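Quick note, the sequences are listed as chains G and X, same order.
Going left to right, the first sequence walks through residues 367 to 555 as my numbering numbers them.
Going left to right, the second sequence walks through residues 250 to 787 as my numbering numbers them.
Bear in mind the hints are in silico, worked out from the structure with no lab data behind them.
Incorrect hints may have been included.
As the list claims (entries may be wrong) - Simulated restraints, written as ranges between beta carbons of each label pair:
{"#": "1", "chain 1": "G", "residue 1": "Asp492", "chain 2": "X", "residue 2": "Asp721", "range": "38 to 44 Å"}
{"#": "2", "chain 1": "X", "residue 1": "Tyr676", "chain 2": "G", "residue 2": "Pro453", "range": "34 to 40 Å"}
{"#": "3", "chain 1": "G", "residue 1": "Asp493", "chain 2": "X", "residue 2": "Tyr333", "range": "56 to 62 Å"}
{"#": "4", "chain 1": "G", "residue 1": "Glu469", "chain 2": "X", "residue 2": "Tyr676", "range": "42 to 48 Å"}
{"#": "5", "chain 1": "G", "residue 1": "Pro453", "chain 2": "X", "residue 2": "Met458", "range": "41 to 47 Å"}
Unchecked claim - Calculated pairs, DSS-like style, for lysine-lysine (alpha carbon to alpha carbon, straight line, at most 30 Å):
{"#": "6", "chain 1": "X", "residue 1": "Lys645", "chain 2": "X", "residue 2": "Lys570"}
{"#": "7", "chain 1": "G", "residue 1": "Lys518", "chain 2": "X", "residue 2": "Lys459"}
{"#": "8", "chain 1": "X", "residue 1": "Lys363", "chain 2": "G", "residue 2": "Lys508"}
{"#": "9", "chain 1": "G", "residue 1": "Lys383", "chain 2": "G", "residue 2": "Lys401"}
Here the structure is a predicted model, which means the values were calculated and not measured.
Cβ atoms here follow ideal geometry from the backbone N, Cα and C, with glycine treated the same way.
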Amino acid sequence: MKLNSLLADKKASILEKWFDVIIESYPPDTSNFLKNQSNRFANPAGSAISQGIENIFDELLRGLNQGNTLQFLDNIVRIRAVQDFTPSQALSFIFPLKRIIREELTVEIAGSQLSDEILALESKIDDLALSAFDIYMKCREKIYEIKANEVKSMTFRLLQMANLINTEGHESDFKGNDKLKIKRGEVKK
Amino acid sequence: MATKFTAKPDELSKIDHKPPKKGWMDTPAEFKEHTFCWGAKGKNLNIVDFPNARDWSPAEEDWKLPENWQEIVLEGIKDRLGKYRSFKLFMDICVRCGACADKCHFFIGGGDPKNMPVLRAEILRSIYRKYFTASGKMLGKIAGARELTLDVLKELWYYYYQCTECRRCSVFCPYGIDQAEITMMGRELTNLLGLNTDWISGPVANCYMKGNHLGLEPHTITSSVEFFLDDIETITGIRIKPTFNRKGAEILFVTPSGDLFADPGTYTAMGYLMLFHELGLDYTWSTYASEGGNFGFFTSNEMAKRLNAKIYAEAKRLGVKWIIGGECGHMWRVINQYMDTWNGPADFLEEPVSPITGTKFENAKSTKMVHIAEFTADLIKNGKLKLDPARNDRLKVTWHDSCNTARGMGILDEPRYVLRNVCNHFYEMPEDTIREKTFCCGSGTGLNASENMELRMRGGFPRANAVKYVRDNYGVNMLANICAIDRATLNALMEYWAPDVSVCGLHELVGNALVMTGEKERTQDLRLEPLHGKEAEE
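Okay, chain X solo, but in the shape it has when bound:
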């Protein structure tokens, strides 16, 4: 690994000439409490026909593996090398220049060298070399190859569930090696052995059975929205009447189910409802395709495809013309990088055209699905919204680029454009921590469980450190974003590293600023807290 370290004279005298006790290959992973997620439950794996379904625990010595587990993993690697050229390439081309080494938030925050992306990849590469390259077969360890032992499998599992597939390292790799894709392959291999986590397999099973990760059934979804409508009425005096599963609507709206259930996502959902009402948009919610996110994406390509299929299927059933997606990070990446080849072409839909501005969303010509940040930015650009940004004046806002929206065919400027129009105090975090170089929340790819909280705090530290900087220098008190996982996890991160900073979705701020036709004078924001300057009247 490249190093810039130069020893000083007094350090040279302290050099220990004994070789290190053990190299990384011979140091097995130590499973430390609070750093890993609980194992999957067999019943959840059975629901989606995943192989080797059983209850298991990473903390226990015995993982209850099938007898031929090595054969399964090696066959799995062979199969994937044949299917994905990128995987083969990424196994072969790394020159270990070290450019990625210090770019991973888990390494920066935690300090475990096996979280350097290059080393994380080497865990899998060492197996690849041993069984799939001539040099590895003959030279073994000298060629960076090693046997697939139980310790190696456990190491692979431990570190591949400490990667959020955020792709920050790939931005710095001169070859463009995408560690996210390597992690995906690694996770697929563990999945073949039933070694999934509870936090991922539960939502996958829920989504497969009920249409969303949280397992919300239709009546729960509608009653959740009813709650929001009550609050909106309290705030604006306007009673909104959205429709569900309405055939013939022009647009199907799909958002992460977190927006319906967990604060502060719920305030974001209120923002969507208010915006669509004000526009008089001909749209419908679905209680079946009720999930924008896709936890299948964290298990296998096939599972992601199966879960994703419901969006087009529902669009077809309802006969809509096109689809708007809510604020979701990996939904954005899935739509733009995978959906079309998985489940497209959606030739029964029409190329999205905003009914309000007439703008054609040419970037969505093929997928027929537009992100709400694009939709709203276009509305503002065309002067279609009456906005009072002063209503957000008690907030000093900074913007967190979510990994998927920043580094998965980036949507970087649209949300910023919206933000600048709906609030008066917006401060960017330092340059190397935003846009394509943004730091992960530390809880993506299904790592947003509670049992691994220590890991989450480490991984999120570089992000929180930049937030802390704008908090201390500009008094920032709100961290805005367009990702449901961010909204669910950044609160915890802020509570530990930067108290006094809250978290919100973009459309919560839109909802606050939106001047609606026939509304009463607003005294409260969407959190039912007094609006800036209205405190005295409360």
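Excised from the complex, chain G in its bound form:
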């Protein structure tokens, strides 16, 4: 566990570099804003990224609690999933952490027997990337689901009013959208 204490010592500079790398994936005018506006409501994306990577880093040191890690990843991935990124760009923010850690600990790694621990840590970072991929897909699927639901709600009401729909039979189709009021058709009877 020697590596963990080294990482804990270097936490601030690792996070700073990690944050900078992520922010550089945005255009310069945007990255200045994301970096320098500290109000979490004026700059929700920048704030989610800086808070998110710190939480993720702490989880890495603690040993990755599945539930917590997914939530912290979600806070970042959910944003990048709707921004101007390809899937690979959206998730590219995870891998540089490996390089940054190796750069920050160059001396320490060279002079000690840390390779096993480093390897284990890097595997955990790879796991993070896989989880992030799952989250990314869920976000994208959610967007398509929302789109489909909007169209369904529009047509559903028309069909229902024209008595062309058996609401009970269609309940499962509309399950995803609890805003639809299935009961109204029954009242009519």
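Let chain G serve as the given structure and place chain X on it in line with the hints.
Structure of chain X alone, referenced to chain G:
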């Protein structure tokens, strides 16, 4: 652009001394799927005699533009510079201080620099300078001027249909430059070329032909209301009998057609019906002036005026004394900022006086049209309503100030006053995200289509982020508002960013809390869900 960025030593060593590859002027807009709305259909543009009507698609290379399209745009700019002094002023006075730069929800949520209001305006200003200023004509790019090429036109279209005219940036501009008005001009110019969107031109055509955006015909409107009346009877035991197109009624009631058709607006409409019944108000619905909103407002000044005209025309035909408007955001802005000069003076109407409280609505002296939030706040203030806010106890409510009601001659306190009286758990979102500084839903000005869902999720992120904060800290589960577009779009936004938070109109909560004369003991709310504390009896 102003920047507070200061490089640190190790960052300085990484500075790349090569100039950037291309400036913003030379970077054409890339049309990314899910960020723009589909093009208009020619048939809808023909219905309202819009020029250059044809089917077209923004995604295709060929926009099927008329041959003299540049001439049309430049003539259009010239015409508008002559007509609107504000437009001329806004083209000239920006000093690029950057105060607006980080205030746009699309920039904050999406990160595209061309969504900074200053840069969005520069897209149009660069054309203005090239053809209408001496410095731009002579110095070209050095003076921030550029030729109107096809790429520039496409860039203008792309970013002017990524602005919801919410005016948040104008609150922070030291000159008060109103980007909403610049966007309106930009959209008018695209409209001259038939470059409208399907989601806007469809409702405009519907409204022109049938009186409302959804194209609901009279029998559909009445049968929709019948549905609500059935539910109200189930909930309260009271059968309400509203009237339609009744001549001689004292008041004409006009609400966005979304309230008649789409949940959760429908619950809000039930609230109106219950309130008016309980008051014994002498009012009528109209199946012709059946739209409070105005999508014409997102195309051109003239079209907005034409659609708006039906409200006064119907008021005159029915011989009412004054008008109440339902919960609608841009209706509020249109009434208070445009209606009077477009279609007024409505001298055949009387200055609105509440028949219940005797209050004169002096702010509506000229327009003769009162927003229902003002009307209800006055009723409560005068103790005319019996309310049981505990019926809304299962809800922890927060309030979303809609852009138009907040920044278009704001109606900020009346809805809050009503809210505090009809529910026991109300939590404000953080200060910089409400009232005049409220964040847009990201789907206004006709951007509430489904095909641009990704854009909507980006634009709505700052709003959703603040909702998420009150959800996590106070357990908020209901986002209330007085705008039909909000009611139609915030559900989707919440589903993505803050699940477990539902959306409602103010008068849904009023309807729940309203103790009606002769009602049975209520066990259900307006959504037919068990009332708080009544679950066991269900």
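Task: Ascending list of hint numbers which this structure does not respect - done: The structure conflicts with hints 1, 6, although it agrees with all the remaining ones.
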